[in-house]
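Q: Spelled out, the chains give:
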Amino acid sequence: MIRGADIVVKSLIEEHAEFIFGYPGGAIMPVYDALYDYSDRIKHVLTRHEQGAIHAAQGYARVSGKVGVVLATSGPGATNLITGLADAQIDSTPLVCITGQVAAHLLGTDAFQETDVVGLSMPGTKWNIQVRRVEDIAPAIAKAFLIARSGRPGPVLVDITKNAQVEFGEYNYVPCLGVRSYRPYVKIDQDAVKQAAALIDSAKQPYLLFGQGVVLAHAEAELKAFLDKTGIPAACTLLGSGALSEEHPTYVGKLGMHGNYAPNLLTNQCDVLIAVGMRFDDRVTGDLKRYAKQAQVIHLELDPSEINKNVTCAVAIQGDCKDSLADLTAAVKVSSHDEWMARFRELEQQEKEAVVINDLHGTHGGLHMGEVIHLINQYKEDDAILVTDVGQHQMIAWRYFDYKQSRTQVTSGGLGTMGFALPAALGAQLHDYSKQVICVVGDGGIQMTIQELGTIMQTKAPVKVVLLNNNYLGMVRQWQQLFFDKRYSFTELENPDFIKIAEAYKIKASKVTEREDLQAAVAEMLLHDGPYFLEVVVEKEDNVFPMIATGCSVEEVRLS
Amino acid sequence: MNRYTILIYTENFIGILNRITIIFTRRGINIDALTASESRLEGIHKITMEVSVTEQQMVHLAGQIEKIVDVIKAYYFRDDEVVYQEIALYKVPTESLDPGLEKVIRQFNAHIIAAEKEFVVVEFTGHKQDTQALLEILKPFNLLEFSRSGRVAIAKPKFSVQEYLNNQTYNH
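In the order they appear, the protein sequences are chains A and B. This note's numbering puts the first residue of the first sequence at 1, with every later residue one more than the last. This note's numbering puts the first residue of the second sequence at 1, with every later residue one more than the last.
Derived by calculation from the structure, the hints in this document are not laboratory data. Treat each hint with caution, since some may be false.
Computed footprint of chain B on chain A; a stretch qualifies when at least three of its residues, placed anywhere within it, have a C-beta under 8 Å from a C-beta of chain B [claimed, not checked]:
1) 115-124
2) 176-186
3) 297-305
Just so you have them, the derived chain A footprint on chain B, three or more residues with Cβ under 8 Å [stated by the list, open to error]:
4) 62-74
5) 110-124
Values in this document were obtained by computation on a predicted structure and should not be read as measured data. Built from N, CA and C at the ideal position, the CB exists for glycine as well.
Using the sequences and the hints, build the whole thing.
A: The structure is reproduced here in structure tokens:
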């Protein structure tokens, strides 16, 4: 017989959890007490805020492919997880969050730090449960891990009352292998594969869009094999970036509001549109009524509720795209689409001349964000991980970072959570200290979780933080400029001395304001052994183009 | 807009009804009626909902409902594809019981299921328009209280949850 708190920790070890990101408090103290005895087998990372803990776990999960584990106390500790849960839910990130809860006999009495976290987190979790008895702890954790990591991954929350943590019970951990009502995978329908192959073989201008589903299914090799055989142009979503090397001959760029010119424009000219592991998010489609209406759509998707949700498809192949892509590759004929591909390259050149050259090779005026990313590319390792926050810098970094490998892209895609990057970069770095983790963040977002510099200090995680400071909430300001007659309502920031803050956290820091100093500063940062904070003061009123304005069609993508 | 009856088979898990209703709340869709109880299969509950939505909305709703981990299957049917009934209870003052009222009860094939000193309770089963018709008739008899259930429904098309479960065995 062991304490419930020990059962919690031993169960996590059974599930091969390496890290717990958390913050202690009264209702979770027994588990923290138990952790003290297992510190040689499972590492706990003390963040400075529970939101930091869950974003760090997200960063860890996204780069490692494993389940991120979070520990928090009841009440405010648990409610501070809500943003991260919603973020992980929409971006399909596997998490198991364990929260302490007041003792069972106090439930419903408005006891100190009592919150209905199961009720609060229900819309933002794949599954959640409250455990009130010691004997239910291990089965709940086993089920939580199965659900978090299988099928379309997602966050799961297990709320454990304090009495269950201190009571004694038998420990016999049995991994959960299946849940009767939960069928995360299906067999691939071979008739659908044949139909899709026939459509692809007959297509004159086929076009493939891939998303994070490729990464989650570990289907990068299958995607490459399909494209090698068919020669079909392929574009990625924000979260799909890295699943295919940007050097691949049929890679044509990025989709969406601030994606590339050709991939957006030509969406409305293809005859067959193959969507792989992506969900036709509104940031990708623009106006749905005018999205790819001329195309026969083939959708390879694991989650059946995503099929025909936004875009009606001619053929749906439900299932894990590692399987469906392999089957489809076997079924299609070898082909090439040189003329069609040339149209992408032609538009790519137009974008280069109109936007890219100026973004990357500025010669006068303030520094552009793109120049910083361009220099990072020159000094980074091939497997460097880019973690970005949300806003203009996110879109610029995404557009210009040189993705060569899968799982090198971490950002808050679906929810657009400012404050995500700094803790997420920490989590990504903790997974592997030997990799370069570059955290690109704006002056707005960093101040939402800036306290996590303390966690970087304590863990000595060698995160390279690049602050692109334009003294504005830049993306909102861009919209205010374009759509609200330049009425910059509450978007200009009076900022602190970020260098002093970083140095106060004992992190080496430098600031660049002039173009001629940038290259040396980027090189120094990336070669520095340990965490580094580089502030780059950039042009105050730069905009991100191309852009598809809200409500516009993908073919109305504008270059200026 | 069409009227649909949704039959949802779930594990008997705390919070499952909440998880299902959240889907409707988020989309601003009203649930016209709802009943829930154990099904004939051990450990499996059956929730019956009545909603008025477009066909496309219904397809999306079913997909979202089935996505819930503890939901086994959600079937939906148009009105002509289900046999359904609703039960209504009417509380009438005992003093109102006169030959006229008794005649109405007989005509509707309703039943008095409780008779107290102060009141009687009449039970009637039928479609909403039927139970509503009786309600209108009983109002002048100083009706004290009225209660109507949601639908209890059986689908006409053949399906088997057990068979569905037996066929869904594919795991990675």
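Q: Could you tell me which of the hints above the structure violates, numbers in ascending order?
A: Of the numbered hints given earlier, the structure breaks just one, which is hint 5.
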